[in-house]
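Novice: Please arrange chains B, C and D on chain A, whose structure you already have, making use of the hints.
Number of protein chains: 4
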Amino acid sequence: MAGRHFLQIPGPTPVPDRLQRAMHRQMEDHRSSAFPAFARRILSRLPQVVHQTKGEAFVFPAPGSAMWEAALVNTVNPGARLLAPRFGQFSHLFIQTARNLGYRVDVLEEPWGEAADPARIEAALAADTAHEIQGVLLVHNETATGVTCDVAAVRAAMDRAKHPALLLVDGVSSIASLDFRFDDWRVDCAITGSQKGFMLPAGLGILYMSETALARVEGCTMPRAYFDLKAMRANNAQGYFPSTPALSLLYGLDEALTMLLDEGMDNVAARHKRLATGVRAAVKAWGLRECAKRPEIASNSLTAIVVPEGVDARTVIDIAFNRYDIALGSGLSEVAGKVFRIGHLGDMNALTLAGALAGVEMALVDAGIQITLGSGVGAALQQWRMPS
Amino acid sequence: MAGRHFLQIPGPTPVPDRLQRAMHRQMEDHRSSAFPAFARRILSRLPQVVHQTKGEAFVFPAPGSAMWEAALVNTVNPGARLLAPRFGQFSHLFIQTARNLGYRVDVLEEPWGEAADPARIEAALAADTAHEIQGVLLVHNETATGVTCDVAAVRAAMDRAKHPALLLVDGVSSIASLDFRFDDWRVDCAITGSQKGFMLPAGLGILYMSETALARVEGCTMPRAYFDLKAMRANNAQGYFPSTPALSLLYGLDEALTMLLDEGMDNVAARHKRLATGVRAAVKAWGLRECAKRPEIASNSLTAIVVPEGVDARTVIDIAFNRYDIALGSGLSEVAGKVFRIGHLGDMNALTLAGALAGVEMALVDAGIQITLGSGVGAALQQWRMPS
Amino acid sequence: MAGRHFLQIPGPTPVPDRLQRAMHRQMEDHRSSAFPAFARRILSRLPQVVHQTKGEAFVFPAPGSAMWEAALVNTVNPGARLLAPRFGQFSHLFIQTARNLGYRVDVLEEPWGEAADPARIEAALAADTAHEIQGVLLVHNETATGVTCDVAAVRAAMDRAKHPALLLVDGVSSIASLDFRFDDWRVDCAITGSQKGFMLPAGLGILYMSETALARVEGCTMPRAYFDLKAMRANNAQGYFPSTPALSLLYGLDEALTMLLDEGMDNVAARHKRLATGVRAAVKAWGLRECAKRPEIASNSLTAIVVPEGVDARTVIDIAFNRYDIALGSGLSEVAGKVFRIGHLGDMNALTLAGALAGVEMALVDAGIQITLGSGVGAALQQWRMPS
Amino acid sequence: MAGRHFLQIPGPTPVPDRLQRAMHRQMEDHRSSAFPAFARRILSRLPQVVHQTKGEAFVFPAPGSAMWEAALVNTVNPGARLLAPRFGQFSHLFIQTARNLGYRVDVLEEPWGEAADPARIEAALAADTAHEIQGVLLVHNETATGVTCDVAAVRAAMDRAKHPALLLVDGVSSIASLDFRFDDWRVDCAITGSQKGFMLPAGLGILYMSETALARVEGCTMPRAYFDLKAMRANNAQGYFPSTPALSLLYGLDEALTMLLDEGMDNVAARHKRLATGVRAAVKAWGLRECAKRPEIASNSLTAIVVPEGVDARTVIDIAFNRYDIALGSGLSEVAGKVFRIGHLGDMNALTLAGALAGVEMALVDAGIQITLGSGVGAALQQWRMPS
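Protein chains in written order, with the numbering used here: chain A, 1 to 388; chain B, 1 to 388; chain C, 1 to 388; chain D, 1 to 388.
No lab work stands behind these hints, which were simulated from the structure alone. Heads up, the beta-carbon is just placed ideally off N, CA and C, and yes, glycines get one too. Some hints here could point you the wrong way.
[Stated by the list, open to error] A partial selection of chain D residues facing chain B, derived with a Cβ cut-off under 7 Å:
| id | residue |
| --- | --- |
| 1 | GLY3 |
| 2 | ILE9 |
| 3 | GLN20 |
| 4 | MET27 |
| 5 | ALA62 |
| 6 | SER65 |
| 7 | GLY203 |
| 8 | THR221 |
| 9 | ALA225 |
| 10 | ALA246 |
| 11 | LEU247 |
| 12 | VAL311 |
| 13 | ALA367 |
| 14 | GLY368 |
| 15 | ILE369 |
| 16 | THR372 |
Isolated chain A (complex conformation):
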């Protein structure tokens, strides 16, 4: 098809030309005397993305989701007990990963479309008087339902319960897009991947560790090899990596950090909020409803939209893909067929998103859903206008 494809899934996100250029480089010797300056430029700037001033950040050649394992195996001993709310596919997979590694996970089930409930977390921790629970697994932004949790509130709940469990946060679809306050929220481990807010291809897993979490690494008895932070820390301290780093992606990450920090993380978050506001106005104008059950938990990085009864959301997605050259996210697991998702994170602006909404409108009408063409776009433009 002629013209530009619209990649509007919630990751991978469109890679800006500038980052493509940065990655289009010849390789170099990752053991050379010139290499550490480059490695340090990345490692020293990663924390700024999440307002982290203490602890360390790590980069692995791996998908973001592998960082679930990296966070766990370095801080939680074999067979330990963990606590986790489940309210979507990614919170489910985080739990599944922990169980596959042999941990016991107490699950707090929430309806899909809801967020983690701090009160229930508080109660569960308070009930654990023996402090068996080693960690709370929290997905900050549930990519399956377009729901953002209140991490500060979860931390406050943990404080109220006076519980020493670590706070392990999945920030895959929030970090580098939404406001993320690593220090303020006293997060212990935060994880993400390169293909969302960092605007890169997938292939890099990023792990943020607090000083508390780092203190566990040395003594942690979990058998581990690739994800072991001991060798990583020793190498990073010299400006190197323990195995051959994924250089092309690191070249991109170096430039992505420059782009993000030049824009300013507050501006990045504000831009995502502004774009999301337009999308939500469009959904309302169409007369549809969001998967997120309450406006205050609706995500600024993606919107999951419920199709009317009798329509299969996959039909909308297929029409959009095949006729209008736009990729939308499908509903996963529990909401398969009921939901489609529009990603609006990463290197995104109003006009691209207007084009995407236009594509959604045509696909909705083609799929037999009664909406007025232009209504959603018009409602979004009301939000996106910038009168002087």
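Specialist: Frame of chain A, contents of chains B, C and D only:
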């Protein structure tokens, strides 16, 4: 600014990633034994773009407008008389080029927004009983006003006048976008550049010559050097070029030809028509009028839109550029400040154009023009929907 | 510095322009209906690189060395006993990885510069009458010393011992460069990374599994998450991946497979042999000796060269890097300071290698080692000439 | 073929990755308010490359050789008389271009392999007591024979003859590689292209004009259109170009200027001298002779080498190209078959050139010329070593 810039001027047009990749190559020896196969693949396929089966096509490292000179100096002797309708900035510049080269040009003035008038051309040629007029200079698609002329009708007028003048056609903003019938219309010289329908950066001028035009080259007494076709033809016949060719652009042209011919020139023209229909529906929905004075001459490669009295079109363009990251074409010369232009040629699709229309809507409203946000996009989507 | 950097370490290897172009692509939806055709084109061709006709090949976003873990945790139960010769840094790290994961490894120490000894392996296996040993860990090509083992001979030794242990082979610096006969040698797990013979940036780990090895996956009790092949196999069967794949690298891998298979794996191996022969002739002409203790075990993908007593090999490497813009591999661990290494694998040809040898010659002389400038290059050219 | 092609013709020269990246950009509106800052960054830095502080520099989408025409038609009236030494193919073509444009050229024939003779130029000008001669056409570096003329000496000769003719210098294979002193030598027009010292693909012609030359533009009566500097100057003054500029090449030129000026033009010239010294040492070691008849006129940007009687230089070139993947320049016109040429200008370093010399050595031996393999490389390395 984050996100993708919308380049909606009528050239240069967005370069597809595929062509960018094709141009990102190391250089090679343009005198090697391997080179002719490459050169011939380009030269042999260029004619298919304009449905040319006789004559030859040439490529120069030069802008498209330099081909005005290339066409003239190879076919028209010094000081000769020419005939040219003027109905916009590019027909004006074609005339100016001819005059700068010492030719005498009889100008048929038409209002800007109108097309060339075959009847007036016929009359002028009929009056030239001595057959002094050596060529008719015709801009197929006037990029300044968004007007397309009827080349077939002009050729028919020339036939009725039984006049032997050559027909020299500027196809800069039509060739490779709009239907162009070199053989059927018996065009003698047609010119274009790489940065419009060919979807490449500017830097290549393309010249199509009929057998009649080619027959003039050898005997033409116009002093000339760079644009002389004698050396070009001799070199091309061996698969080479007389001077170092602009290789990166040729790599792009080779791939652009594959893209265009794979899509099929009829499909390319149909796509441009479909996209233009949507843009015109948007203009109507906004309550604005086109610069083109009649629907049947409205161009399918760009639309020039007249702003209401009291508004400077440059304000709309500035707002669009600075607030919404979209480049629109400005009004030139006579229509400066009165008109802005939306290019919809080249590697373009409905969603990109929907985004562009959204940007125009916000800029119009910001500039104080009363339109309903979403109205133009909605009207366009009505045209662009593809119900199964 | 002006001009092209010479990257002559044994990986990452120079990425050919063609692969850089292939990776310079916009992302796409890895869950789309169009994706499986792409994924299958890769997965179905990977086996041809190692002449594998049974079993399966897998790709992970990970470094090659992480595949040590992937191979082990899917096939060997916790705490099991393994057997491994150690004769260089990478055989050491393979062992270390196994131990970190809780396995017990019987190590057969060999001098660095020697290869694995099939007779000792046979003896060790024969002594294990209880068949406690679950696997033999073998580095095919020891990148630290430039030594290639005879995998067929090791397999024959295992056969003679009638031992059922799996044969797990590290082919990081051999696969896609040297002849690798997965089926013929009855290898069970073979691993490699993208940054050597595949000519790509690091970031993809590749794992080949025999039917025997695959049969172990389901029942293997090793706790594992990211590297678990159960989810990978289920997804691959549908043309997908369980987590977001490293798309840019996969685009490169797809094209690298085309390059390799078009050249033909036998031709690839022959080219590496021919280039290595020239390098070895140069070493001889310089009057230096190789780290590999016997000619028949000298590697065709890299050459490790011992510097004379009294000279620190790191000086040679530093001079080469800083004055002549060439990166050489340093000696690791036991041979640090005694050895420098020239990589000649991947997208390599005689003239590039001649330039590299020229750089080595200048660095050697600058470091005070008495050699005749041009002597090594001349000796290599004798090998590389192709008289018709 | 695997591995990197060696492009060792005297232009196009290898494009560094950094410039390829710079050119791999999306297009932009060349009439936007943001454009002039970019255009001015180029136009204001071009003069520094030739140490020009007065007059102006211009860039055309055109090959370098088209600048012959651009220089002439803006400064010399129709039919005027010119003086030009001819000592190679490019001085011949410069003369031919002038004649094609209707000028009368007095030719001073010199043997190929010799440089322009200042004494003969002085004599010819002194004899022109009527000052009919309007310009002296001088090729600074004759790319066909590898000979560099002494421009300062030619200027001194003109001064001694007290002749007002303009000095028009072809610097195609010298500017941005060899020392070029526009002001000091009082050059009036200097021309070059993008594909030599500027390290870019061909497609940009560059023209430097002195104040004296610029003063002629307005009144020059030569009919001209595309190459007319009046419109160019008017547009440049505003930061624009009269026709659509070749943006991708300009993006490259902007970056090339940064590379060159960061290295420093004196360092660039010194590097080219150093590399050339090595090549000449190799030629001597092979026992061959250069086309340049005297060492003091041997070019630092390329070396033309005479093959022994009985051998066709084209055989050497063919073998080099087909067996060793290196492109060498062939002998042109008078020296066809007698000479092959090695380009060593642009983004070049010692190791690349060592590889190239190695390729030449194998091709020479294969062609039956008796040289010792390694002898030329060794001799060059003697020159290129950088003992601390």
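Novice: Would you mind marking each hint as holding or not holding in the structure?
Specialist: A quick look at each hint next to the structure:
no. : hint   : result
1   : GLY3   : 12 Å, violated
2   : ILE9   : 5 Å, holds
3   : GLN20  : 5 Å, holds
4   : MET27  : 4 Å, holds
5   : ALA62  : 6 Å, holds
6   : SER65  : 5 Å, holds
7   : GLY203 : 3 Å, holds
8   : THR221 : 10 Å, violated
9   : ALA225 : 4 Å, holds
10  : ALA246 : 3 Å, holds
11  : LEU247 : 5 Å, holds
12  : VAL311 : 19 Å, violated
13  : ALA367 : 16 Å, violated
14  : GLY368 : 20 Å, violated
15  : ILE369 : 21 Å, violated
16  : THR372 : 28 Å, violated
Checked against the numbered hints given earlier, the structure breaks hints 1, 8, 12, 13, 14, 15, 16 and satisfies all the rest.
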